[in-house]
Structure formats: C-alpha cells, structure tokens
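Novice: The lines below spell out each chain.
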Amino acid sequence: MTTTLETVMGTSGPGLELAAPRLTREQFLVLHRAMVRTRKLDERGMKLQRQGRIGFYVPSFGEEAAQIGSAAALDAADWISPSYRQPGTALWRGVKPVEMLDNCFGNAGDAAKGRQMPVHYTFRSRNFISIGSPIGTQIAHAAGVAMAMKIRGDGHVCLTYLGDGATSSNDFHTGLNFGGVFKAPCVFICINNQYAISLCVTGQTTSVSIADKAVAYGMPGRRVDGNDVLAVYSATKDAVDAARRGEGPTLLELFSFRMGPHSSSDDPSRYRPKAMEEEWAAKDPIQRFEKWLIANGHADAAALAAVHAAAEEEMSEAAKESETKPAPAKDSLFDDVFAERPAGLLKQRTALLAEGDAHAADMNAAFPL
Amino acid sequence: MSATNGTTNMTLLQALNLALHEEMERSKDVVVLGEDVGRNGGVFRTTDGLFAKFGAERVMDTPLAESGIIGTAVGMAMYGLKPVAEIQFSDFIFPAFDQIVSEMAKMRYRSGGEFTCPVVVRTPAGGGIRGGHYHSQSPEAYFCHTPGLQVVYPATPEDAKGLLKSAIRGADPVIFFEPKRIYRTVKGDVPNDPDFTVPIGKARVARAGKDVTIVSWGAMVHTSLEAAEKAARNGVDIEVIDLRTLVPLDEECILTSVRKTGRVVIASEATRTCGFASEISAIIAEEAIDCLEAPIVRVTGYDTPFPYTLEHVYMPGPARVLDAVQRVRAF
Numbered sequence: 071m072t073t074t075l076e077t078v079m080g081t082s083g084p085g086l087e088l089a090a091p092r093l094t095r096e097q098f099l100v101l102h103r104a105m106v107r108t109r110k111l112d113e114r115g116m117k118l119q120r121q122g123r124i125g126f127y128v129p130s131f132g133e134e135a136a137q138i139g140s141a142a143a144l145d146a147a148d149w150i151s152p153s154y155r156q157p158g159t160a161l162w163r164g165v166k167p168v169e170m171l172d173n174c175f176g177n178a179g180d181a182a183k184g185r186q187m188p189v190h191y192t193f194r195s196r197n198f199i200s201i202g203s204p205i206g207t208q209i210a211h212a213a214g215v216a217m218a219m220k221i222r223g224d225g226h227v228c229l230t231y232l233g234d235g236a237t238s239s240n241d242f243h244t245g246l247n248f249g250g251v252f253k254a255p256c257v258f259i260c261i262n263n264q265y266a267i268s269l270c271v272t273g274q275t276t277s278v279s280i281a282d283k284a285v286a287y288g289m290p291g292r293r294v295d296g297n298d299v300l301a302v303y304s305a306t307k308d309a310v311d312a313a314r315r316g317e318g319p320t321l322l323e324l325f326s327f328r329m330g331p332h333s334s335s336d337d338p339s340r341y342r343p344k345a346m347e348e349e350w351a352a353k354d355p356i357q358r359f360e361k362w363l364i365a366n367g368h369a370d371a372a373a374l375a376a377v378h379a380a381a382e383e384e385m386s387e388a389a390k391e392s393e394t395k396p397a398p399a400k401d402s403l404f405d406d407v408f409a410e411r412p413a414g415l416l417k418q419r420t421a422l423l424a425e426g427d428a429h430a431a432d433m434n435a436a437f438p439l
Numbered sequence: 330m331s332a333t334n335g336t337t338n339m340t341l342l343q344a345l346n347l348a349l350h351e352e353m354e355r356s357k358d359v360v361v362l363g364e365d366v367g368r369n370g371g372v373f374r375t376t377d378g379l380f381a382k383f384g385a386e387r388v389m390d391t392p393l394a395e396s397g398i399i400g401t402a403v404g405m406a407m408y409g410l411k412p413v414a415e416i417q418f419s420d421f422i423f424p425a426f427d428q429i430v431s432e433m434a435k436m437r438y439r440s441g442g443e444f445t446c447p448v449v450v451r452t453p454a455g456g457g458i459r460g461g462h463y464h465s466q467s468p469e470a471y472f473c474h475t476p477g478l479q480v481v482y483p484a485t486p487e488d489a490k491g492l493l494k495s496a497i498r499g500a501d502p503v504i505f506f507e508p509k510r511i512y513r514t515v516k517g518d519v520p521n522d523p524d525f526t527v528p529i530g531k532a533r534v535a536r537a538g539k540d541v542t543i544v545s546w547g548a549m550v551h552t553s554l555e556a557a558e559k560a561a562r563n564g565v566d567i568e569v570i571d572l573r574t575l576v577p578l579d580e581e582c583i584l585t586s587v588r589k590t591g592r593v594v595i596a597s598e599a600t601r602t603c604g605f606a607s608e609i610s611a612i613i614a615e616e617a618i619d620c621l622e623a624p625i626v627r628v629t630g631y632d633t634p635f636p637y638t639l640e641h642v643y644m645p646g647p648a649r650v651l652d653a654v655q656r657v658r659a660f
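Listed in order, the protein sequences are those of chains G and F.
Residue 71 is where the first sequence starts when you use our numbering, and the numbers rise one by one after that.
Residue 330 is where the second sequence starts when you use our numbering, and the numbers rise one by one after that.
None of these hints come from the bench; they were simulated from the model.
Where a beta carbon is used, it is the ideal one built from N, C-alpha and C, also for glycine.
Treat the hints with caution; some may be incorrect.
[Stated by the list, open to error] Negatives, chain G to chain F, calculated, CB over 10 Å:
# : residue
1 : Ser200
2 : Leu269
3 : Val285
[As the list claims (entries may be wrong)] Now the stretches of chain F that chain G is said to cover, found in silico as 3 or more residues with beta-carbon under 8 Å:
# : segment
4 : 391 to 397
5 : 430 to 439
6 : 442 to 451
7 : 461 to 471
8 : 596 to 602
[Stated by the list, open to error] Distance condition first, Cα-Cα at most 27 Å in a straight line; then the derived DSS-like pairs of lysine-lysine:
#  : chain 1 : residue 1 : chain 2 : residue 2
9  : G       : Lys253    : F       : Lys382
10 : F       : Lys382    : F       : Lys516
11 : F       : Lys559    : F       : Lys516
12 : G       : Lys417    : G       : Lys400
13 : F       : Lys589    : G       : Lys417
14 : F       : Lys382    : F       : Lys357
15 : F       : Lys531    : G       : Lys417
16 : F       : Lys357    : G       : Lys253
17 : G       : Lys344    : G       : Lys117
18 : G       : Lys117    : G       : Lys390
19 : G       : Lys117    : G       : Lys353
20 : F       : Lys589    : F       : Lys531
Isolated chain G, as found in the complex (with noise of 0.2 Å):
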C-alpha cells in the first residue's frame, strides 16, 4: 500500500525524497510566475464574484503546484482533458486571462459563446479540451483521445484531471480501465484536495491511497507531493515519457488541500475543521516554492513580491477589458447544436428574432440565488 508522500522540497510526514529536476533558473521562475498568475487570477475571479459583477467562480487556491507542475511536463500538441479546477494549466498553455475571464462573463468574446457557467473554458488552439461539469466524463474522454493518438501514430500524449471525489465515478473505472486495457499514451493525474464539496476523501474511499486503485487497471501508480511543484513536474514527466514510449498509462495522485471553498456559492467552514485550513495554509505551495527559491539562491524577496505584482496588474486589466464586453447575440443561441441549422431550429430562430423586444421583460428578470 502506498503511503508515502514522494517529494523534492521536503513534508513534515513520511516522505519519499526526490532529486530536484534538472530545469535551469530560468525555468525554475517561470513555473513561480505562472503558479503566482493561477492564484491572481483566482483572486480576482473570486472578487469579481463577491462583486455581483460575474455569476459564479471555481478557485483553485492551494493546487496551484499540482496543476503547473504537471502541465510544465507535456509538449505544447500533447492534450489536455481538465475537470473544472485547473485555470493554471490553460494559463500556462498561453491562454491570455482576457480569453478565461470573458468565459466568466458570459460575453461576446468567449470561445463558448456565452453557452456554459464561469470556469468551464474552452481553448482548442491551445489542445485544451472544452470542460464539463458532469464528474469524471472527461476520464473517458482521455483515454479516447489518447486511444486516437495511438491508431494515427502521432506521438502525442493525453493528460486528464480528475478529483479525489471523481474516483467514485462510473468513468473513472472505465476511463482507466479502457487506458489500460489498449494500452494508450494516457496520463490520469488525480489532485487529492482531500474533498469533494463537503465529503472527505475518507468517506469516498476505504482505499489507502488513490495511487494504489492503478493497480487494478495493471499501471503505476505513485502518490506524490501535490504542493511541491518540482516533485509534481518530475513525476508528471516519468508518466508522460513513459506514455510516449508506447508503455502505456500510468496514475498519479498529487496529495493536496483546497486551501478555499468548492466553488463561489460554497462555505467550507461548514463542514471543515479549522485546525486543518491552518495546517495547510503553512503549506502553501507558493510560499513554499518561494522558500525553495531564496534558499538555492534562484532570486530574492523582493523579484519574487514584483511577480505577484505585475500578476495581480495582468488580472485586474483583464477583468477591466472583458467587462466592456457586450453579451453574445441573441440568435446566437441556435447555432452549433448541429453542424447546420436544421428546419426546425431555423423556425425557432425566426419566431425569435420576430419577437424583437416584446419579451424583453421577461429576459432581465433576477436571479434567485
């Protein structure tokens, strides 16, 4: 059973050292800069919330290593299949957050159209698979994709985000099952943030670890360190190597904390111990990794304050600019449910735009919650 915690910078539990990957200072600072960017976008996503001014926001805070530590260990054409918690990982793809924070808005200018809640993004320039809510569809869906990239031959791997919670789902099982079985380049990240809205992962599982339910799909399985980054980037890029090599999928458990609430309409201290917020808030992983990085001497306090900065600049500028924004159009509602506009829809569409204002009362009306 496995129960240690592999790991670069160090836990105060049982734990399995790793050697710091080989990355340069330059790539050390820029998984800080983008761990930094994940966490100020959230704040601002979570502002804007609190604001009245966006519906409804999902943070990450506290997975901010898990996510860029992974994502930092796949090619640019390698996919991405997410859950709904992982903004870092497009933001690390180049995603600029004027494009995630028009998908919060609803506005013309997202790549959704307006279609789906805040935080449920879509970028495919960026290989970056349009998310869901449903928990654990997008386990099938990667190892779908990967299954492709095996039959053209490409070379390319599929990587999918799941959470403790979508262990229990029915793709979870067919998911890697299916990974396994064809022996696809498929990497199953699960971020163990340790709940599932208001359920502990104990009242999810009886298993020990997630890691060890790799060994009923026949792949490894290794539980690391979720909050230290360079464990999560050395981890990742053994999966990811080996995916390429035609070995198959491998899963990997990043042990975590979701340091806030589920989502924006979610009050944790409901249902979570006090004692336990604060032993993870000293576990940050920003803050850790910003230790790391004074320590071997890779930059100061004060360069590492300018990134926080310059990224609580970015978001507040972009948040700026998507507000502008107007809604999408109206008719826009019937397009893309099938490749072209049926008779049927196209008569739905008409009787629409026909009505011109006169149930223009109707559209304003408040939301309930």
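Given the structure of chain G, go ahead and fit chain F onto it with the hints provided.
Specialist: Below, chain F without anything else, positioned relative to chain G:
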C-alpha cells in the same frame, strides 16, 4: 465485389455490413468499437469480416462498459477519428446515457463549435424477437429529446446502407437505431455504387395513397404497409410515410400527406406516453389542424415494461393499426 452500377438484392443486415466495409475502405479515420464486434463480428454479425480486413486497431473489441465505449468514442472523435460505436442492444445504452446526453450531444454547442464529436452509435432496437424487457425496447424518444443528436431509424436495406453511410460521413453525432426484428426478414435491392447515400432528415413515402396517412418508422413501417395492403382490399387507399430520420424531422413530408388525406394514424411500437408519436401528433395539431377531418390517433406499445410471453399483445400489429384506420375514417 459488386459492380458500381446496378443493385444487389440483400437483407437489411447485409446492407449495414456492406456500408461499414465501404466506409472503412474509404477513410482510414473510420474505426469500429464495441462489445464482440471484432473477432466475433458482432452478436448479430453486423460487423462480420471487418476485423479480418481492417485489424484490431480499427475494429476494437472493448471491455464490457457502454459508458466507456461512448466516452472513449467521444474522445476519439474530438481528436479527428470517425468512431462507429456499437451498443449491442439499445436496452443497454443507459450506462452510456450520461456520455451521450451530457457530453456527445453538447460538445459542439458548449465549446462554441471548437470541439465536435460526430460519433455514430449503432444500436439494434425494437421487439418481436422474444427478448423480454432487455432485448426489445424502443428508446428513441429519450434521444430525440436531447438537442444535438441526430436520430436515424431505417426500415429498408437500401435506406440502412444509405443512411449509415451518411451518418458516418456527417459532421454530427448520430444515434442509429437498427430494427433488429427485420435484420434478416426484409430483403431489398441496394445500389452497388459505393458513393450511394440517403440524406439524413428526409422522410419517404413508402406507399402513396389518398384516404388516410400512416406515419411510422423502423420495423413498424412494414406493419403499416401490411395494414395498408389489407385496407386496399376493402377499397381504402392508405399513404404510408417512413420517417427514416426522427431528428431532424421532415415535417414537410408529413404535413403534405396530412393536407392531402386529412386523416392520420401514427404507428410506433414504443411506449405511448411522451413517445415520438406524441411529438408528431402535436406538430400536426399545431400546423395542420384546419386540414384534419378526424382526431389524430396514435397506435403504440402500452405504458408497461416490455413483456416476454405477451410481446405480441404489447406490440401493435396490422390488425391494431387497421382498427385505428377505421376510427379515423369513421369519425
């Protein structure tokens, strides 16, 4: 192989098999996956010969998990392949319902057109084979109720081939119901041309007539035709519409016929409440009530689970369809 001209007489099953062979020849992106579809050639033999010809990489025997079949097919399609997934019986499609309804149907819309998953889900449906609850149902209405899915239901070998080829070449996800009761019992002439297709969204007048319209699809088309032949002996001239595609629906074909006859029976072997027959009835009522000489009558299965011993009590046969014809004529 057949010449590209002319036709060959074959069963509906052979027509489907031929369509799969031709489309896999035509494009390397077409892959087949499902339970027992490879070495075994499918439990009905619909995929017979594909494994030997195209190999295990393109004809995949999957683990026994419908959600996995559709979930991975969605991933493959997003990546650019053209998966033709088989769900062995449509009664077993429900574990995949989430992947179909939440993912496959919505992917184009929810991604603003960035990602599409034009998967073809082939699945045998309908009763009459002594299959009980779990090998007999007609679940098409669940899928018609989900925007983003095309729902196709051929009734003849020619249409089976032509529609399956259109589905495989198309840009949208398709639920392709196969009337298994008539897999081997209905034969017909099928064009040899490998580029012969039947467009999705076009109904067909299976039998022209002027007195009463019967709207049906799948195996019920043949039940309706049988009823029409019997009625003809009594001087009643029935027009039978074979919908071929339920979504997108060819409303014009239905309405044109209704405007001519003024009397409509809708014949379906599915459960009555919220069945697709009800949708057609509503459309006719909204669009052509001024042409109706009698109430619209639905002939359907009962609102019970599909039975084993009493399946021919449950399923409408020509006599029950004729009763309905009598009702709309007598009004």
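Novice: With reference to the structure, classify each hint as holding or not holding.
Specialist: Consistency of the hints with the structure:
Not every Cβ of chain F is farther than 10 Å from the Cβ of serine 200 of chain G; the closest lies at roughly 4 Å, contradicting the non-interface assignment. For leucine 269 of chain G, the requirement that its beta carbon stay farther than 10 Å from each beta carbon of chain F is met, with the minimum near 20 Å. At roughly 17 Å from the closest C-beta of chain F, the C-beta of valine 285 of chain G stays outside 10 Å, upholding its exclusion from the interface. Restraint check on the segment 391 to 397 of chain F versus chain G: 5 residues with Cβ-Cβ distances below 8 Å, three needed, restraint holds.
For a cut-off of 8 Å, the count of residues in the segment 430 to 439 of chain F with a CB near a CB of chain G stands at 7, and the three-residue condition holds. Here's how the segment 442 to 451 of chain F fares: 4 of its residues keep a CB closer than 8 Å to some CB of chain G, so the rule of at least three is met and the hint holds. For the segment 461 to 471 of chain F, the stated coverage by chain G is not satisfied: 0 residues place a CB nearer than 8 Å to a CB of that chain, which falls below the threshold of 3. With 0 residues having a Cβ less than 8 Å from any Cβ of chain G, the segment 596 to 602 of chain F misses the three-residue criterion, and the hint is violated.
Simply put, lysine 253 of chain G and lysine 382 of chain F have alpha-carbon atoms about 22 Å apart, close enough for the 27 Å limit, and the pair holds. As the CA atoms of lysine 382 of chain F and lysine 516 of chain F are separated by approximately 25 Å, the hinted pair is consistent with the 27 Å bound. A C-alpha spacing of about 21 Å is found between lysine 559 of chain F and lysine 516 of chain F, which places the hinted pair at or below 27 Å, so the restraint holds. Between lysine 417 of chain G and lysine 400 of chain G the CA atoms are separated by roughly 15 Å; this keeps the pair inside 27 Å, and the hint holds.
The suggested pairing of lysine 589 of chain F with lysine 417 of chain G holds, with an alpha-carbon distance near 23 Å, which does not exceed 27 Å. In summary, the hint linking lysine 382 of chain F to lysine 357 of chain F is supported, as the alpha carbons are separated by about 12 Å, within the 27 Å threshold. Of the pairs offered as hints, the one joining lysine 531 of chain F and lysine 417 of chain G holds, with about 17 Å between alpha carbons and a cut-off of 27 Å not exceeded. For the hint pairing lysine 357 of chain F with lysine 253 of chain G, the CA-to-CA distance comes to about 21 Å; that is within 27 Å, so the pair holds.
Between lysine 344 of chain G and lysine 117 of chain G the alpha-carbon distance is near 23 Å, which keeps this suggested pair within the 27 Å criterion. Using a Cα cut-off of 27 Å, the hinted pair lysine 117 of chain G and lysine 390 of chain G holds, with the two alpha carbons roughly 13 Å apart. Only pairs whose Cα atoms come within 27 Å are accepted, and lysine 117 of chain G paired with lysine 353 of chain G is accepted, the gap being roughly 24 Å. For the given pair, lysine 589 of chain F sits about 19 Å from lysine 531 of chain F by alpha-carbon distance, which is consistent with the 27 Å threshold.
In summary, the structure is inconsistent with hints 1, 7 and 8 from the numbered list given earlier, while agreeing with the others.
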